[in-house]
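**Student:** Just so you know, the sequences run in chain order Z and V. Residue numbers for the first sequence follow the UniProt record's numbering, so the first one is 1 and each next one is one higher. Residue numbers for the second sequence follow the UniProt record's numbering, so the first one is 1 and each next one is one higher.
Calculated from the structure, these hints are not laboratory results. Please read all numbers here as calculations on a predicted model, not as lab measurements. There could be a bad hint or two in this list.
It does not matter which identical chain is meant; a pair holds if it fits inside one copy or across any two.
[As the list claims (entries may be wrong)] For lysine-lysine, the following DSS-like pairs were computed, each having C-alpha atoms within a straight-line distance of at most 25 Å: (1) K276 / K140; (2) K240 / K46; (3) K276 / K126; (4) K140 / K126; (5) K214 / K140; (6) K240 / K214; (7) K276 / K214; (8) K276 / K240.
There are 2 protein chains.
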Amino acid sequence: MANADWGGHSGSRLGLDIGGTLAKLVFFESEVCPSWCTGRFAEVIKGLGKSKSENPASADYGFSRQGSFWGEQENELCFYDEELQGYFHFLCFRSEQMERFVSLIAAQELHHDIDEIFTTGGGAYKYAALFSEHLGITLKPVDELGVVVKGISWLLKRPISDEVCWLGEEENRTNKTFESECHFIDSSTNHLFPFILVNIGSGVSIVRVDGTDKFERVSGSALGGGTFWGLCNLLCPDCKDFSEASCKAVDGDSSSLNLTVEDIYGGDYELEGGRKLPGSLVASFFAKAGRGGNLHDDAALLHALITMVSQNICQIAFLNSRIQGVTKIVFTGNFLRQNQVARQVIATNMRRVTATSQQGKQLQALFLQHEGYFGALGSFLHNVEGDMKRVPTCQRLPTFLGKLSGRSPKMAERSAFQPIEFIFQRFQRCIRCFGNKKAHQTRKSTDTSAEKFTSVPFPKESGHQPIAREHAV
Amino acid sequence: MANADWGGHSGSRLGLDIGGTLAKLVFFESEVCPSWCTGRFAEVIKGLGKSKSENPASADYGFSRQGSFWGEQENELCFYDEELQGYFHFLCFRSEQMERFVSLIAAQELHHDIDEIFTTGGGAYKYAALFSEHLGITLKPVDELGVVVKGISWLLKRPISDEVCWLGEEENRTNKTFESECHFIDSSTNHLFPFILVNIGSGVSIVRVDGTDKFERVSGSALGGGTFWGLCNLLCPDCKDFSEASCKAVDGDSSSLNLTVEDIYGGDYELEGGRKLPGSLVASFFAKAGRGGNLHDDAALLHALITMVSQNICQIAFLNSRIQGVTKIVFTGNFLRQNQVARQVIATNMRRVTATSQQGKQLQALFLQHEGYFGALGSFLHNVEGDMKRVPTCQRLPTFLGKLSGRSPKMAERSAFQPIEFIFQRFQRCIRCFGNKKAHQTRKSTDTSAEKFTSVPFPKESGHQPIAREHAV
Chain Z
1 MANADWGGHS
11 GSRLGLDIGG
21 TLAKLVFFES
31 EVCPSWCTGR
41 FAEVIKGLGK
51 SKSENPASAD
61 YGFSRQGSFW
71 GEQENELCFY
81 DEELQGYFHF
91 LCFRSEQMER
101 FVSLIAAQEL
111 HHDIDEIFTT
121 GGGAYKYAAL
131 FSEHLGITLK
141 PVDELGVVVK
151 GISWLLKRPI
161 SDEVCWLGEE
171 ENRTNKTFES
181 ECHFIDSSTN
191 HLFPFILVNI
201 GSGVSIVRVD
211 GTDKFERVSG
221 SALGGGTFWG
231 LCNLLCPDCK
241 DFSEASCKAV
251 DGDSSSLNLT
261 VEDIYGGDYE
271 LEGGRKLPGS
281 LVASFFAKAG
291 RGGNLHDDAA
301 LLHALITMVS
311 QNICQIAFLN
321 SRIQGVTKIV
331 FTGNFLRQNQ
341 VARQVIATNM
351 RRVTATSQQG
361 KQLQALFLQH
371 EGYFGALGSF
381 LHNVEGDMKR
391 VPTCQRLPTF
401 LGKLSGRSPK
411 MAERSAFQPI
421 EFIFQRFQRC
431 IRCFGNKKAH
441 QTRKSTDTSA
451 EKFTSVPFPK
461 ESGHQPIARE
471 HAV
Chain V
1 MANADWGGHS
11 GSRLGLDIGG
21 TLAKLVFFES
31 EVCPSWCTGR
41 FAEVIKGLGK
51 SKSENPASAD
61 YGFSRQGSFW
71 GEQENELCFY
81 DEELQGYFHF
91 LCFRSEQMER
101 FVSLIAAQEL
111 HHDIDEIFTT
121 GGGAYKYAAL
131 FSEHLGITLK
141 PVDELGVVVK
151 GISWLLKRPI
161 SDEVCWLGEE
171 ENRTNKTFES
181 ECHFIDSSTN
191 HLFPFILVNI
201 GSGVSIVRVD
211 GTDKFERVSG
221 SALGGGTFWG
231 LCNLLCPDCK
241 DFSEASCKAV
251 DGDSSSLNLT
261 VEDIYGGDYE
271 LEGGRKLPGS
281 LVASFFAKAG
291 RGGNLHDDAA
301 LLHALITMVS
311 QNICQIAFLN
321 SRIQGVTKIV
331 FTGNFLRQNQ
341 VARQVIATNM
351 RRVTATSQQG
361 KQLQALFLQH
371 EGYFGALGSF
381 LHNVEGDMKR
391 VPTCQRLPTF
401 LGKLSGRSPK
411 MAERSAFQPI
421 EFIFQRFQRC
431 IRCFGNKKAH
441 QTRKSTDTSA
451 EKFTSVPFPK
461 ESGHQPIARE
471 HAV
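Chain Z with its partners taken away, still in its complex shape (with noise of 0.2 Å):
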């Protein structure tokens, strides 16, 4: 394995998670002494994300952008991390692409160094046999829900500024940036735990996060991304490609579909005991389309679309949320993606519900800027924790390992069995590039308040009767 320098082969430095619509993938360039493998990875897996004139091999293999159901790298999400000294790029396709994406590692011969990986999502048993018979290599499962918890758990405990966000109010959609709205918290110094984990991949899991060890699934919905794509599909078959159907929504209007409450009662509607049901609401998505005429345009179904499945979530999070007793929902998941009208529809609805609550209880809908990748993330942490354990002593180089805590590779190897939130407790820092690696910018010094996490005695929401948790539907 010549010139490993992180671990014994380069498969610890990817992190998969092929979900039944996308796959997900994350991967470490390290500067420091690439190996000839790692070094060829990167330079494939970068180049992915670019026209197929400037990477004619992608182009050989189909991975363009518009025959891709999300588009491919994710340039905005690349970070690089100061103390690693290497790059965290993501990247995605569709998973029904992965025997061309094998294919494509097979003739770029970057398997060689590559036994095992940790694996998450259904795609880990799919494809086993893909990646075993063409590769070599061994797809070792890991629980989806603990490797998103491991994922979220892991990069909020890092100093990452603008990572966790909260929307504030629509003021007017089409004259404003997703960016200009969404309003960063400073996650290393708030408690975020215990919180509703809503994850939109094709389906919705819905999950009580007590901590990075503490967590389950308590509920979720079939009505997800997935759901939006195939409707999609079926609806405006011109439309091949995610980025430019959530594009396309933000402009479209769709109360030529929707039916409101105004359009059945003229106004609001009153209830029992003064409470209203405002004139504005959506009263039944679609319903309107029931009375023929159905000449919609692309940007008012896909507004429709991302309306119904969005709103939906949002309310069987909201009863989740009750059930639990649990205020703050963080909603992740590649739906999420560029998908502004999906992250307003629920930041508005959320609102809506706490505002009419009787209780009063304040419901904070948050969403994370890397949201589709934490399970990739934690395969990716699983890998390097797999790693450190099985490649025998000799063999780890001390560029990695001296890192951890500057004694003596022996003392280091000891604390690499630890969890793997304690190995990076000790980096200082980390800096996000946006696409642009020359761009290096120190967003925040150390907080040693990153800790706190771990030591969070996960307090009950005070007045709230959790009833007890089942898997739902």
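Fit chain V to the supplied structure of chain Z, relying on the hints for placement.
**Tutor:** Only chain V this time, still in chain Z's reference frame:
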């Protein structure tokens, strides 16, 4: 008011519920001293269910089965009331056809004896001017949820069998009729209160019902019957009729559209703690349609649409029942009418979540045979009550009032001012007819236990901690 035989005007024989998509009408046809007007009314209304060739009058106004949402007259719901000596007829048509309906009433001169009608649904506001200008009739709005609860409470207290049922296991969907899977319960000897009412019209209202006059809307959803019909129109434009759509869906196979747990994981998905998500469970509705090759037949699309809407409603109902600590969930609304797939999906999913519940609480999904007409029935009861109070005593004929107690008309008059639930308490038997007037069969003799409904103290479920109710989404 020549020959008036029930109160002062034929409006008191009507119940109207004008929803966002459908208008529902209940009409009582008395066999005792029918006035010219009520006889004509019955003749026209009964004729609406016939084909154009049988009923040229209705054909002129476009009330054809194909042109309507649900068909028109529901012969199988019609029942004969032996004590009232008359028939209850049930009819529905699309709300947007209201102008045609009003024109029909005007052309047939059926409105001369009617000055006001208690009406529920948004149409009571929306079409008020139409009724006033063309017919001189005032539509008096009554609270929508209140009349539904009123209608249910009234019908359940009548000694009618075969009204409330639960569905058994689905053994062989294609070879079994709905009727054979339906297990009727004798609601007159069972205490239904408290229950969660899930009323599925265009949208969905979720109401906690503790008694006839004790109820509260606790939640709702905009993903309801209107959503199904709207998406049906967009995806299956050749499908012109709800009845046709729901029948087609029975033979549909949505496995080419819905992504199951097995599709992702190759089998069951094991959760922490040993619980499992079964492989057959849908993980993402319509997700397979996102993979291109969208040549799906109407039956598959309709099955997938109904499954999506029904399963989602079931989940929201389940979550609300947990929050409220109530185990009986009654599903009503015209979306369920002739909709075998919807009922079965709800019943199956409710069984599943009950089986996987860690608390082991038995949740029961119940269905009512007159599911879509309780709003109209409640409005009818309002009209009867209102008429009793409004019409001078001298104009009330003994033919109806005398039935109340066998007492003198003056004595009977006093009892007419009692709440409607007491008015019919002493009627002995009620006989249903299924589209055949002659087929009178005594289903049940008097059961005085029906009175228990009003004396039930609405006990809370033990072991639950009901959270204060809020309006949800």
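**Student:** State for each hint whether it applies.
**Tutor:** Hint check results:
For the identical chains of this complex, K276 and K140 are inter-copy neighbours only, at 20 Å across copies versus 53 Å inside a copy, given an alpha-carbon limit of 25 Å. Taking the shortest Cα distances, K240 and K46 sit within 25 Å of each other inside one copy (23 Å), while across copies they are farther apart (51 Å). In this homomeric assembly, K276 and K126 come within 25 Å of each other (Cα to Cα) only across copies, at 18 Å, whereas the closest approach inside a single copy is 49 Å. Only within a single protomer do K140 and K126 lie at most 25 Å apart by alpha-carbon distance; the minimum there is 12 Å, versus 61 Å between protomers.
Within a single copy, K214 and K140 get their C-alpha atoms as close as 22 Å, which meets the 25 Å cut-off; across copies the closest is 56 Å, which misses it. Taking the closest pair of Cα atoms, K240 and K214 never come within 25 Å of each other, the shortest separation being 40 Å inside a single copy and 52 Å across copies. Within a single copy, K276 and K214 get their C-alpha atoms only as close as 39 Å, which misses the 25 Å cut-off; across copies the closest is 19 Å, which meets it. In this assembly of identical chains, K276 and K240 lie within 25 Å of each other by CA distance neither inside one copy nor across copies; the values are 41 Å within and 35 Å between.
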